[in-house]
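A.B. asks: Dock chain to chain to rebuild the complex, using the hints, since each chain is given by itself in its own frame.
Residue-level listing of the chains:
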Amino acid sequence: MVEPLNTSVELAESAVTDAFRNEWGRVVASLVRRTGDWDLAEECAQGAFEKALARWPGDGVPDRPGAWLMTVARNLAYDRLRRSTRESAKLKELATLEFNQPNDGTADFEDDDGPASHESGQPDERLMLIFTCCHPALALEARVALTLRTLTGLSTAEIARAFLVPEATMAKRLVRAKHKITNAGIPYRVPAGGALFQRTSGVLAVLYLLFNEGYSASTGSELVRTNLCDNAIELTRLLVEMLPEEPEAKGLLALMLFHHARQRARVDERGDVVTLEDQDRERWNHDEITEGDLVLATALRRGGVGSYQLQAAIAREHVRVGETSSTNWRAIVELYDQLLLLTDSPVVELNRAVAVAMCDGPSSALALVDRIDASGRLEGYYLLPAVRADLLRRLGQRDDAAGSYRDALKLVGTEPERRFLETRLSEVAD
Amino acid sequence: MQYMFIHAIDEGLQWQEGLETEVQATLEVWLEESIRSGVNLQGSRLRPTSDATTVRVRHKEVVVTDGPFAESKEQLAGYDVIECENVDEALAWAAKHPTALIGSIEVRPLFGDPPRMQLPEQKATTLRYLLVVTVDESVELSAEEQTRMGPATEDWVAKAEAKGARLYGSRLEPASTAQTVRVLDGQVIVVDGPFAETKEQIAGFDVLECADLDEAIDLAAKHPMARFGALEVRPFWPFEES
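Order-wise, the sequence lines are chains Z and V.
Under the working numbering, residues 1011 to 1440 are what the first sequence spells out, in order.
Under the working numbering, residues 116 to 357 are what the second sequence spells out, in order.
Only chain V is shown next, with the shape it has when bound in the complex (with noise of 0.2 Å):
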């Protein structure tokens, strides 16, 4: 079974001394582990807010914007797309992440069952940009727009990587499979629901490598989902740059 680990930081954290480099061994043995042993296929950092973008289309008009989907007291800071037997297994990985212990990490299935996939190496010319297609999940598509959006999301993604601009990407279960894991005191904190409460949820995420944000907002605007959620655009943030 697949999972998604979505890595959720309070960007005001005020850093105690000491936390960084302890955060930082940590993730270096939780890597090496869960690499090793199969279970990590792929995953990154990625650029606080301040260097998010958000798209959507309204009215047939292309509308981006500076900053994240929602506001929420933690946002979103890395992934990983996580192989497991079943969930309890891919809680007991999340819990030992260091993310868990500064702030939380939401565990949501895979839609279905997409091919493992590890990233391929990433060329000098591009940016890769993790897209999060949102939607607010209580707007209802009609009949038709829901029969419509299965084959125009397939159009999307068949022509995305015809172009090399889409390595990855998967649609996730709803948001009421998700559950998100914190460590508080020593204690791994298991909560059901995603990590913030917000109106738009995410639905599912795209890997784009392009050569600059032009061309992954253009990607985003022509996703399917633009008319009726938002897609942000984040830069993904490797561990070698600071």
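The shape of chain Z in the complex, shown without the other chains (with noise of 0.2 Å):
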């Protein structure tokens, strides 16, 4: 019998809700693997942490949470196909792993401790479940919410509000996906051999896409789309854990560090633009600095170079110096020049022009921003009229500057970024 550690309500509710967290893609991933029908594994598990709220109150909270659930989504799931009659196969799987009754707490669960191998070398089940739900046979919307879905917990309505859709549509979107794995016979499992270095950019791409997504919902948007990035977080230093082999995760992981240490300098209270060089930057999280420090040192000690870790590099520039006049522009140009030979991207190109003007002053950046304009690569995107504009702005060339600002307010997406142009515009159309 487990001993009551504590019979407090709030501290039970609290434990749930770290549980959750922790725990809810463990246990999903596991019911997945053993009985291949990923709504079963969803509904116990959501069962699971139903349980635990009504009885921790009470029972107080187990020694090993992770265990008590897992057992608990276990055998709600084992009850559900003994009932129907056509889940044999699936029954014989979950029958011949030892199930215990759910009050024992003591069950024999090393196998669901640590993030790596267990259970003779088999290969974490969450890293089964991520690079399932990233298979490129899907839909990338599809990875999207299917990897949120299953390994954070969300609902899907909160997804869906997450990525602005209507409940019918993400619900229609999940089902979709889960009846492709089925239908195409997608595999459940972490891919071999050369398979993998490919699969891995997969998983990060969409890991990145989910971190953006919420790094450009603008200030008064939901929780649900700003908490994205923590989401993204979450899941990317997962797959560090599970994959300490592979140093682009580590890159990634750094990179959005980096960008998230500076979220809440971004914009100030009334919702405006910061641009860096005004950012308070005691405001900075300097804890998340320090972290992506950390992990890119481990990173580049591997001494190869890849996409993610030279952006997370780049990143580093600017945060690791005390006020924006010390930033090594030289050394972000150098890194931009390694970067664009892993990627040919206009952005990128982009990007590079803008250290270019702060090592070399803005007319050589501006012969470089022009070349990328008259390639059409970057028709349509706002930043690049917003980089002439800001560069012909400190050239004094205050007409072409205002024609460029113009050019820029068409394109431009968000309502912050469209207040800053604007304000831009006032200073030299006058």
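Errors might be hidden in some of the hints.
[As the list claims (entries may be wrong)] Taking lysine-lysine pairs in the DSSO-like style, the calculated list, with each CA pair at most 30 Å apart, reads:
1) V:K314 / V:K175
2) V:K188 / V:K211
3) V:K337 / V:K278
4) V:K238 / V:K274
5) V:K188 / V:K314
6) Z:K1188 / V:K188
7) V:K211 / V:K274
8) Z:K1188 / V:K211
9) V:K337 / Z:K1188
10) V:K175 / V:K238
11) V:K188 / Z:K1182
12) Z:K1188 / V:K238
13) V:K337 / V:K175
14) Z:K1061 / Z:K1182
15) V:K238 / V:K337
Just so you know, the hints here were simulated from the structure itself, not pulled from any lab data.
None of these values were measured; they are calculated from a predicted model.
C.D. replies: So, in structure tokens, the structure goes:
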């Protein structure tokens, strides 16, 4: 019998919340692996957490909440499958693993502790889950939704609100994804050998998309939207833990942390954009910067160089100085040069031009920007005219700057950025 | 002469009441008659485009995307391999099939005269896929690429068959040889050309039997045409499954 550690209801509820964050993905992953039934897995995980909420306030929080939840969820699945006569194959699968009664928290659950291999060298089940959710045969938006649903426990309604679509749309998206996994035979596994590298990039791309969705959410957005950054960071941390040999996962985590560290300083109380040089560095999260530094250093020790690591290194150059004037722009330009060898991206070229302006002055940068513009590759991208406008403004060419600000305003997406551009326009167009 | 029936249906089609039962009944009769008479050698219903995956190899990278090889109003929904005396007979058979009533059937001759084959019984642990090899016919392969294509494809076929992953397949005559059959208001309409005027057209197909989609994708990526065209991997949809 488990000794009640604490009978306070509040403590129990907060324990459930913590357990939810830490254990949801693990429980779902384990059930999906054993039953192959994604809906069943989610429902039983949900049931287990509901039971915890009902029982822990009275019985006390168990010594090992994860083990408790896992047992309850598995037993719920076992009951459900037993009642459904068509599921005898799945039942056999579950039954071969020893079940214990819910109130025996001391069951043999070594295999459910710890992030890495357990059960005689089997990969962490959450790793299998994340690779399956991010399989390239699934539409990108389906990958993002399925990853969130199964690994973070966000409800369908919450995910819908996070991506600004109706709940029915998101529900359909999730159902379609699960059907495709079954109908097309998407395997539930961590890819082996050569495929692992390419598929890992796919997973990282999904996580980065998730982060950017949250990062670009303006103030006044629902919390569930801005919290996408936290979800993305947590999942990337998990990936780093489970794939210690993969430096790009560390690169991505560092990149996210460096960006996220500045989150609270990016907009002021009115919701207006605050440029990097004007940001109050006291409002930066220095713990995240420290973590990012550590993670990036570990990645770079491996010698190889990847796009996320380079982007993280660039972001790091911005956050490691006391004020913007000390920024090592020359180093940043060199990092962009390396990045351009890996990815032929006009956005990267544009960002490099901004750094060149800081080293060599606005004129040389202007030539670069005009060259990108002439290629037409950034047609419709508001930052191109915005950057040009800024360079012209610094060169004192006010009329031309005003023209470019107006071009940018035709393309800009969010309100805070619109107001920023309008302010700049009024400065040059008097 | 052997022909491929390429069944194409608008997936957004609203099924009027009673139509589904009528189609089901007509289909059962058609299958029974066509198989009994030796005309129908093999075939299968296919899962919809939401279960399709397309594989391309570009700049030595394998690109996997969700969805069919091209967007068109009507989409591939099933296939048959038919043997008839001549194309008119084939068209007559197509006109009696329920797909002609609700969609269209493209009738395309198989290239050469491949061996007739019925598909073996499916294993319990595997999945079957139709690998649809498509190419933009206006794209010219270099002379060297053209000479290499034949032997490279034979090599691919041999390796896939040795693993038991390829059961059957055939190249098709070009899309210009296709004739598409529809039945509208009781009238049989035959139009020259494929069922959809997409840039990429079906150039051939293979029937794969694999443990999972990754195996099928891997095979598709190794196909010599993957560098020039788009290979769609579409799961079989047996009639026993809803």
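A.B. asks: Work down the list of hints and note, for each, if the structure agrees.
C.D. replies: Here's how the hints hold up against the structure:
Of the supplied pair hints, the one linking K314 (chain V) and K175 (chain V) holds, its CA atoms being roughly 22 Å apart against a limit of 30 Å. The hinted pair formed by K188 (chain V) and K211 (chain V) meets the criterion: a straight-line CA distance of about 22 Å does not exceed 30 Å. For a cut-off of 30 Å, the pair hint linking K337 (chain V) to K278 (chain V) stands: about 14 Å separates their Cα positions. Between the alpha carbons of K238 (chain V) and K274 (chain V) the distance comes to roughly 20 Å, so the proposed pair stays at or under 30 Å and holds.
Our distance criterion of 30 Å between C-alpha atoms is met by K188 (chain V) and K314 (chain V), whose separation comes to about 14 Å. For a cut-off of 30 Å, the pair hint linking K1188 (chain Z) to K188 (chain V) stands: about 25 Å separates their Cα positions. Under the criterion of a C-alpha separation no larger than 30 Å, the hint pairing K211 (chain V) with K274 (chain V) is inconsistent with the structure, at around 38 Å. The suggested pairing of K1188 (chain Z) with K211 (chain V) is violated, with an alpha-carbon distance near 36 Å, which exceeds 30 Å.
A hinted pair counts as satisfied when its Cα atoms are at most 30 Å apart, and K337 (chain V) with K1188 (chain Z) qualifies at roughly 27 Å. At roughly 34 Å between alpha-carbon atoms, K175 (chain V) and K238 (chain V) are farther apart than 30 Å, so this suggested pair is violated. A threshold of 30 Å between alpha carbons decides the hint, and for K188 (chain V) with K1182 (chain Z) the separation of about 21 Å falls inside it, so the pair holds. Restraint check for K1188 (chain Z) and K238 (chain V): the C-alpha separation of about 23 Å stays at or below 30 Å, so the hint holds.
A C-alpha spacing of about 11 Å is found between K337 (chain V) and K175 (chain V), which places the hinted pair at or below 30 Å, so the restraint holds. Proposed proximity of K1061 (chain Z) and K1182 (chain Z) is supported: the alpha carbons are some 28 Å apart, at most 30 Å. Taking the CA atoms of K238 (chain V) and K337 (chain V), the gap is about 24 Å. The hint holds against a cut of 30 Å.
In this structure, the hints that do not hold are numbers 7, 8 and 10, in rising order.
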